[in-house]
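S.K.: Okay, here's what each chain looks like letter by letter:
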Amino acid sequence: MLRKEQNDLLTQTGPGTSGGRLFRSYWIPALLAGELPENDCPPVRVKLLSERLIAFRDTNGRYGLMDEFCAHRGVSLWFARNEECGLRCPYHGWKYDVTGQCLDVPSEPEASGFANKIKLKSYPMIERGGVLWTYMGDPEAQPPLPEWEFITVPPAQTYTSKRIQESNWLQAMEGGIDSSHVSFLHRGDLNSDPLFKGAKGNQYNLNDSRPVFEVVESPGGLYIGARRNAEEGKYYWRITQWVMPSFTMIAPRGNHSVHGHFWIPIDDETCWAWSFDYHPIRDLTAAEVSAMRDGKGIHVRTEPGGYRPVANKDNDYLIDRAAQKAGRTFSGVEGIGMQDASLQESMGPVVDRTKENLVSTDNGIIMARHRLLRAVKALVDKGATPPGVAIEHQKVRSAAIVLPPDEPFKEGAREAMIARPSVAPASV
Amino acid sequence: MSTAAELRFRLQAPNSKGRSTAVIALDAASESFIRRLSEDQWNHATFLKAPIADTPGDPQSDDGWMTTIDDRQTRVRDEVGAADQVIMVASAGGHAEAAGLVGRACSFKRVTTTALIVGTAGASDADVSKTLAQLRPWSLMVVISDSEDYVTDMMTALRV
Chain G
1 MLRKEQNDLL TQTGPGTSGG RLFRSYWIPA LLAGELPEND CPPVRVKLLS ERLIAFRDTN
61 GRYGLMDEFC AHRGVSLWFA RNEECGLRCP YHGWKYDVTG QCLDVPSEPE ASGFANKIKL
121 KSYPMIERGG VLWTYMGDPE AQPPLPEWEF ITVPPAQTYT SKRIQESNWL QAMEGGIDSS
181 HVSFLHRGDL NSDPLFKGAK GNQYNLNDSR PVFEVVESPG GLYIGARRNA EEGKYYWRIT
241 QWVMPSFTMI APRGNHSVHG HFWIPIDDET CWAWSFDYHP IRDLTAAEVS AMRDGKGIHV
301 RTEPGGYRPV ANKDNDYLID RAAQKAGRTF SGVEGIGMQD ASLQESMGPV VDRTKENLVS
361 TDNGIIMARH RLLRAVKALV DKGATPPGVA IEHQKVRSAA IVLPPDEPFK EGAREAMIAR
421 PSVAPASV
Chain S
1001 MSTAAELRFR LQAPNSKGRS TAVIALDAAS ESFIRRLSED QWNHATFLKA PIADTPGDPQ
1061 SDDGWMTTID DRQTRVRDEV GAADQVIMVA SAGGHAEAAG LVGRACSFKR VTTTALIVGT
1121 AGASDADVSK TLAQLRPWSL MVVISDSEDY VTDMMTALRV
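First to last, the sequence lines map onto chains G and S.
The numbering used here puts the last residue of the first sequence at 428; the count rises by one with no breaks.
The numbering used here puts the last residue of the second sequence at 1160; the count rises by one with no breaks.
With the rest of the complex left out, here is chain G (with noise of 0.2 Å):
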């Protein structure tokens, strides 16, 4: 449970709200590089913590990020004309560069200077990895670049994907750190889908419903242990990474890919569902990249033409009631991402907290919110930066892994949740 404010503090990422303020602490993925694909190609409309923006890349491969709207009469520049280093208003010929900086307003007299005193607000946009990050917080204290592993492998190795999920960001990224969920709603994919199948830490998941858990707070965030029986009296851990403030790894299975999410609020009403694969050590094969693009794994299908998945609220999220009835699915909608979204979704656009009834298996939950709180409130208090900035709180692993029964999984799993170039994921 979490009183209103609390929640209105947590879900309210918009400009001037003090979680808007935590989220613009960070670089966070604003496009997929595939979206800009070449100079001068069209221009990308966008919406980031509530704030409606247009994405350009220009004659000299520069990307821009700014407000979406010409400052001349608010025209959308989503139908500019992307020429010349600079995106061009239809309506009247108003010129921006990359930084927001009018360029040139044709009905006035070049020499008056009219066009220096117009800019759009703009934020820094850089490629990492295959995706566009943006950081839309003071330029004064713009952190360094991002570093998480699955943008710096090879890109032969590594697989983003993203989609619109119709809620707010937080219950979707709780879901993302509640590891008790997967016996149950995933229980029917674990030994059939692509990605996850053949694994020996599968057999254990299913072989006990009932995890142990512990968590324990990280530098960057939460570390948070699963914990299953395994053999001899040994236990097999799944250890999630949870960094602040929204990206989570899931623990690998067997030698598939390592996977994890980013949800980034598009308004308090919406979220991108980021979606990386990436395996450290190999690239994915051609079959594995497949099933990713077919909404495998943790991917999910999108609509042609854009993010907003084939399943999706408005057909009910093509439930099959006859696969649930025969155990094929345990909830009747198909794929791992969408049995965690349709659900999601499901709570309404903004869960009320002060209704649910959390019991001790959900502390990862409490402990994120504890964390969150804290860390808003020290940077709104004292400017304090919070958790997951620091580029070594980005240098992290999920893991999966069977340890003696006495052995803490802080230590016993201590540098496989360290990430590593050219070490090998550990993963059972």
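Possibly wrong hints are sitting among the right ones.
Derived DSBU-like pairs: lysine-lysine, alpha-carbon spacing no greater than 35 Å straight-line [what the hints assert, rightly or not]:
#1 G/K395 to S/K1130
#2 G/K200 to S/K1130
#3 S/K1109 to G/K355
#4 G/K234 to S/K1109
#5 S/K1109 to G/K410
#6 S/K1017 to G/K234
#7 G/K410 to S/K1049
#8 G/K47 to G/K355
#9 G/K4 to S/K1049
#10 S/K1130 to G/K377
#11 G/K325 to G/K355
#12 S/K1049 to G/K355
#13 S/K1017 to G/K313
#14 G/K121 to G/K377
#15 G/K395 to G/K47
#16 G/K4 to S/K1017
#17 G/K410 to S/K1130
#18 G/K325 to S/K1130
#19 G/K121 to G/K200
#20 G/K382 to G/K313
#21 G/K377 to S/K1109
#22 G/K234 to S/K1049
#23 S/K1017 to G/K355
#24 G/K377 to S/K1049
#25 G/K382 to G/K395
The following residues of chain G were derived to be distant from chain S, with all beta-carbon distances above 12 Å [unchecked claim]:
#26 V216
#27 E303
#28 Q324
Cβ-Cβ distance ranges computed for the label pairs, FRET-style [as the list claims (entries may be wrong)]:
#29 S/T1003 to G/T99: 34 to 42 Å
#30 G/G61 to S/S1124: 48 to 56 Å
#31 S/K1017 to G/R420: 23 to 31 Å
#32 G/E356 to S/R1072: 54 to 62 Å
Think of the hints as simulated: they come from the structure by calculation, not from any bench.
Ideal placement from N, C-alpha and C gives every residue a C-beta, glycine not left out.
Fit chain S to the known structure of chain G by using the hints.
M.R.: Leaving out everything else, chain S in the frame of chain G:
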């Protein structure tokens, strides 16, 4: 059906009844913390100090006595049996052997246990591990936190 407009049609009737919670300090350091905590406003909480087995030194003892925060003696089984959930609090490096006595009583009565290790900021990994080893066999959930505030937040979240 999950639109903001539809939210106003959600039932406003209460969806749960109060749960009784026994909050048990397992060592001296956590006892003073529990005492402070007991001064806050809670719905259905009992605050207790580290139990002593009927036969001290017997690691298999499954009943004993403990003391309420206002120094009233009470049986472990009675307190655990009256609770819907038990929260055990231990300080990092503290002596948490009493977790076994509480844990066995919880196991017997089928009561959910949560264990918290607090005060980890200045503690060594060895200290945390020692306490963790005593708590782990008896806890459905273990939380290791450097913030005592977390206990308050967790209890609020669990509607204690």
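S.K.: Taking the hints in turn, state whether each one holds.
M.R.: Consistency of the hints with the structure:
1. G/K395 to S/K1130: holds, 28 Å
2. G/K200 to S/K1130: Status holds; Cα separation ~31 Å.
3. S/K1109 to G/K355: Holds - the C-alpha atoms of G/K355 and S/K1109 are around 28 Å apart, at most 35 Å.
4. G/K234 to S/K1109: holds, 26 Å
5. S/K1109 to G/K410: Distance ~31 Å between S/K1109 and G/K410 Cα, so the pair holds.
6. S/K1017 to G/K234: At roughly 38 Å apart (the allowed maximum being 35 Å), G/K234 and S/K1017 break the hint.
7. G/K410 to S/K1049: holds, 29 Å
8. G/K47 to G/K355: Given that 35 Å is the threshold and the Cα spacing comes to 30 Å, the pair holds.
9. G/K4 to S/K1049: Holds, at about 33 Å.
10. S/K1130 to G/K377: At roughly 33 Å apart (the allowed maximum being 35 Å), G/K377 and S/K1130 satisfy the hint.
11. G/K325 to G/K355: Judged against 35 Å, a Cα distance of about 30 Å means the pair holds.
12. S/K1049 to G/K355: Distance of about 32 Å is within 35 Å: holds.
13. S/K1017 to G/K313: holds, 32 Å
14. G/K121 to G/K377: Holds - the C-alpha atoms of G/K377 and G/K121 are around 27 Å apart, at most 35 Å.
15. G/K395 to G/K47: holds, 28 Å
16. G/K4 to S/K1017: holds, 20 Å
17. G/K410 to S/K1130: Cα-Cα ~13 Å, so holds.
18. G/K325 to S/K1130: violated, 47 Å
19. G/K121 to G/K200: violated, 52 Å
20. G/K382 to G/K313: violated, 42 Å
21. G/K377 to S/K1109: violated, 41 Å
22. G/K234 to S/K1049: holds, 33 Å
23. S/K1017 to G/K355: holds, 12 Å
24. G/K377 to S/K1049: holds, 33 Å
25. G/K382 to G/K395: holds, 26 Å
26. V216: violated, 5 Å
27. E303: For G/E303, whose nearest Cβ neighbour in chain S is about 19 Å away, the distance exceeds 12 Å, so it holds.
28. Q324: holds, 19 Å
29. S/T1003 to G/T99: 34 to 42 Å: holds, 38 Å
30. G/G61 to S/S1124: 48 to 56 Å: For G/G61 and S/S1124 the Cβ distance comes to about 52 Å; the hint holds.
31. S/K1017 to G/R420: 23 to 31 Å: Given about 50 Å between the Cβ atoms, the range is violated.
32. G/E356 to S/R1072: 54 to 62 Å: violated, 34 Å
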